[in-house]
Amino acid sequence: MLGRPFFWIIAVTIAVFAAAPLGGNVELRESLLLAAVYITLASNLNLMLGYAGYVNFGSIVFFGLGGYFCVYFMGSLGWGLAPALAVSGVAVSLAALVFGLGILRLRGVHFALATIGVNEAVQAFVTNFEPWGGSTGIYLSPELFQPLGGPAQALWIIYYLLVAIMGASLYLSYFVKRSKFGLGLLSIGQNEDAAAVLGVPTPRYKALAYSASAFLPAIAGGLYFFKGAFVQPADAFDLTLSTEAIVITMLGGQGTIVGPALGAYLYEELRGWLLTSETFANFQLVVAGVLLLLIVQFAPDGLMGFFYRRWPRLRRIFE
Amino acid sequence: MSALLEIECLGKSFDGLQAVSGLTFAVGEGEILGLIGPNGAGKSTVFNLVNGVFAPDAGRVAFRGDNITGAAPYRVARLGLARTHQIVQPFAGMSVLDNCTVGACFGRENLPLARAREAAREAAALVGLEKRLDAPALELTIAGKKRLELARALAARPALLMLDEVLAGLNPTEVAHMIEILRTIRGRGVSILMIEHLMQAIMSLSDRVVVLNSGKKLSEGVPAQVANDPAVIEAYLGDPGMVQRRPQ
Amino acid sequence: MLGLLASLVDGLLVGAVYGLAAMGITFIWGVMDVVNLTHGAMIVAGMFGVYLLVAATGVPAYAALVPILIAGFLAGVALYWIAIHRMIGRPPLMSLLATFSVNLVLIGLGTAVWGTVLFNVSVSLPGFSLGRYTFPGTHIMAAVLTAVIAGALYLFLYRTRAGKAVRAVAANREAAELVGIPTTRILALSCGLGVALAAVSGALIATLFPFTVLSGDAYQLKSFVVTVLGGMGNPTGALVAGLALGLFEGLATPFMPVSWTLVIEFVLFVVVLIAFPGGLISIGRRRPAVR
Amino acid sequence: MRKFWLATAIALSIAAPGLAAAEDTITIGMTVSQTGPLNVDSVAQLRGAEFWRDEVNAKGGIKAGNKRYKVRFVTYDDQSVGGRVQQLYTRLIVQDKSNFLFGPYSSGLTATAAVISEQYGRIMLVGGGAEPKTYQLGNKYLFQCITQADYYLAGAIQALKEKNPHAKVAFVYSDDPFSKAVVASAHKLAEQAGFSIALQESYAPSTTDFSPIINKVISSGADAFLGGGHYPDGATLARQLHEQKAGLRYIAILVAPDSPKFASLGDAALGVMVPSQWEPQVKYKPDFGPTPEQFAKAAYATTKVEPDYHTASGYITGLLLQHAIEQAGSIDPEKVKAVLDKTDVNTFFGKDRFGTDAKNHGLQIGHEMVLAQWQMKNGKLSKEIVWPSGAATAKMLYPLAEAH
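Residue numbers (this note's numbering), protein chains in the order written: chain G, 7 to 325; chain V, 2 to 249; chain L, 7 to 297; chain C, 11 to 414.
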């Protein structure tokens, strides 16, 4: 593994994220933090979308539930950050396993619709679930930042934890792709029936991938909502974010390891530019839409797919 | 000769149409058994019932003594039963080597990735694809895809190989090559259950032949015996398509 | 008791409109095997169509339905050629993403132009009173028009040559091609019809409730629920399921907080999708979702 | 990593001393819901704040010690979405270097923005976040300039008690932090007043079809209706109550009827009441700043829109900040904060005073509300103060039918 160039490319990416705002550049930190969240969401989505070929439109439910668990554990049960994050991750993975056992019997479009249904059902439920504050959500006291050395320091700690989660996501993508498990997923993505006939335990693999793709986003959600010290259903289960994750994955190249990261970086740059541009401030969705339409119509394997076709040798380096 | 695969009273209907009924036969250890019959006789359905693509309505399937009736395809594959498809089903976007590696990884020996690659290379070499290991499967010709289909099944190192018309659509040279390959495989002690329309080929390869018609067993025996069975002749004469299916 | 009856009637009236909205999505699904994710945006387009026509010309809202139907049809045909045509025969995921991207563009443009402010088409029609309860005239009118449109769709599908061609393509595209039906044109036509249905249902909804650019999401989700309950690709099923859903909402409200009905609807959606992929109300043909 | 180099370059270039130009401006940052469901009220609030800014700048800026500061606003559209509020407030602080912050509109958004202002230790004055819980979390830099949610319906309930001590009340309210907080305490007050609660029902803020709920109100036999949320749902609710002839004798709806836009509902607006933070007709005597009448006239002349209480609350956030800076003689946050903590003033907006104990820091404990009703006056819809009787400009029309 250590001999693979890509192993080091990931390491360098993480190092850049870690070092860039070191001079105390809070603005850059905030921008990179968002990029790290996007990369985490997109590369975990890629496990299902790119590898196994299952479109999870509602992947945001993992992020949101992770946020809810974490904020609830900390705010209402008085847990520390570390146990709250760990338990949130595990709890959401288990929840994903349960959802997965049901909806993974569906394929293609039916599966995609079901993931939207799961997200909406969870959102509607949480909106009515009083222990989690119903539609108001849960607010954390600013005092919860004290154990981390006050709010200013807490923000740095949260940032580095998120970068670590991002790194873990990239390495997860990498190791899965290079493993037997990943080979099984890829074969499911190509032709599920043929994969089953060749002995790939498809139900187990899909459920595992679905559950695994929930773990890191859940922790990222926990950190993200802890940072904001509040969580409410409309933000936690906002389908826009999971669709952005799809756009990002498709833009970078589904099924590749770098694709989601590249897509996330480009998308966040573009978004930042659109957000501040006078003329285009309101056209963020339009641009995302046109971009996706072009990709789907003309370059369904995204940027990395395009590069790999153009320069096949790149595939050796990056995959 | 002990039975490797035993099929008893197998039955399946789709929307009221009886595709297979009361079918009983067995494949012995080291045997090549040909499964023939006119179009729509239910041959591919038998394959699908045996390897778990469909669950049978009635009957029992046992493989090496284990009851595998209605077991999921991946369980059946793990026990050492590999098959090919009549219409090739390659993993189009993956390389030839990766295609074969899937077979090796998840087949009978459940090999770890590195050793599976070796098995995959061997299987690819056996069918003559060793030069195209890195090519995406979709770039292969039809004959190439058929060979890939076979290599993928072989890489699993199965005890029983079920071949669904591996010779169809190949030209005479390719057919001859494929028959060569099948003999080699058999030489390695792998049993084969094959569906084939090429009479010459199947009659020369098979130890025994089972003839299906309308989902029922019409005849069974060594090739010469079956070829002279009046019931078989009648069934085939009722099938004018036979003429076109002779090798060109 | 009267209260229950009132809830029931009100539920049915609104349910008819749900059914109409879902017919658009289920029609495209049935004929083309495409889930049209622009559905919500097209509903909103219908809403704004009514609003703009009424504001610009002062015609009564119901007179605006005809131009909206035509414009919806043209938009649907355009949608087919822009986004869907190249996706036919590709994995279902691609058409899903293609229509989704058009949805993003439309919603983005709408938001840029109109913001997300509430708009209102005021229509005054005399209502119908039942004791202390009053059913707004607009609700009754919407249900009646839904019946008319559903009837027209039925006549089109079963009594016209083009309609028969549409059904043939839905049943088996290759076979239809072989017997000389211009399938591509039929697909474009079907897409036009499906979008026209969405636009008209949006126009009707606009006469009932205020709306924003983002209102389409809620109706699109509701249409999914209705579609899944009624069996995908089954317009009659959609209408029946729409009525059933409206009835459920009407009848449930007296007994539980309104906000819980959404939870039940979405749970039902997922469960039905998994357990009865052919739909609960399978009057028409079944399409296996699980192979 | 372009941003990184860019940022480094900027950092180096501004590290150079002698920034004369920046010194006589203070930057105030806020987000505004230019779009989204909160847009009507949020934009009204911004109008008030901008009116204050222009007035101050026209007079040469805020005087602090021997310096004068011009006021500069940086605003972003939060689209009424909580998630964006945090990003944008971070940006306002980090990138736009805001000295002070004004709150966004609505309790939900304020609570989320407060996290950021606390994290970075910036003073934030709130003109549109009434829900009290946010001020009880231990925030130190947050100041609420308007009456908190617990008291919103207190007036409406007392007024109702005078008219009908045995009222049957239906609470129908938006499922958002503000409306929930309002109704939670109103429910208690209504029980204390001896009313029977015929119905308590919340709805999603995005609801557009209220007919099932209205049927429920009718079935419950309620004669008084209290609730609502923000502009879109409140306006729709009033319209559909009218259309479905719900036959209520008393309707008080939160927030929405206060906007001049509410008059566009026509007949459906008649007789509807709204708890209001401020009305142009109030008669407060200010310690400083304009009188209510002066404010209403000048605001109308400048903005061309009738000022509602959101406009007034936008202005008061500015006025209170200005007062605090002038008193402190400095823009040093700690000094300004110390003055704000001690604030106890009367303005055109009424009384303002902030809680100072740790558990209620920044909570408004001075300001009082009035109750206004839409009535027909000289053939035109007009909003009149009907309670408390001392401030009233018209008699309350009860039952509702009398307004028609």
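Each hint should be verified, as a subset may be incorrect.
Covered by chain L, per the in silico footprint, the following chain C stretches (three or more residues, Cβ under 8 Å) [unchecked claim]:
1) 74-86
2) 239-247
3) 311-321
Not the full set, but computed from the structure, chain L residues with beta-carbon under 10 Å of chain G [stated by the list, open to error]:
4) Leu112
5) Leu151
6) Arg179
7) Ala181
8) Glu183
9) Gly186
10) Pro188
11) Thr189
12) Phe261
13) Ser265
Each pair of labels, with its calculated beta carbon distance range [what the hints assert, rightly or not]:
14) Arg92(L) / Asp277(C): 41 to 47 Å
15) Tyr310(C) / Pro73(L): 36 to 42 Å
16) Gly278(G) / Asp64(C): 44 to 50 Å
17) Leu136(L) / Asp106(C): 37 to 43 Å
18) Glu316(C) / Gln152(G): 53 to 59 Å
19) Leu161(L) / Asp277(C): 37 to 43 Å
No lab work stands behind these hints, which were simulated from the structure alone.
Ideal Cβ positions, reconstructed from N, Cα and C, are used throughout, including at glycine.
Numbers of the earlier hints that this structure fails to satisfy, in rising order = Hint check: 1, 3, 5, 6, 7, 8, 9, 10, 11, 12, 14, 16, 17 and 18 fail, others pass.
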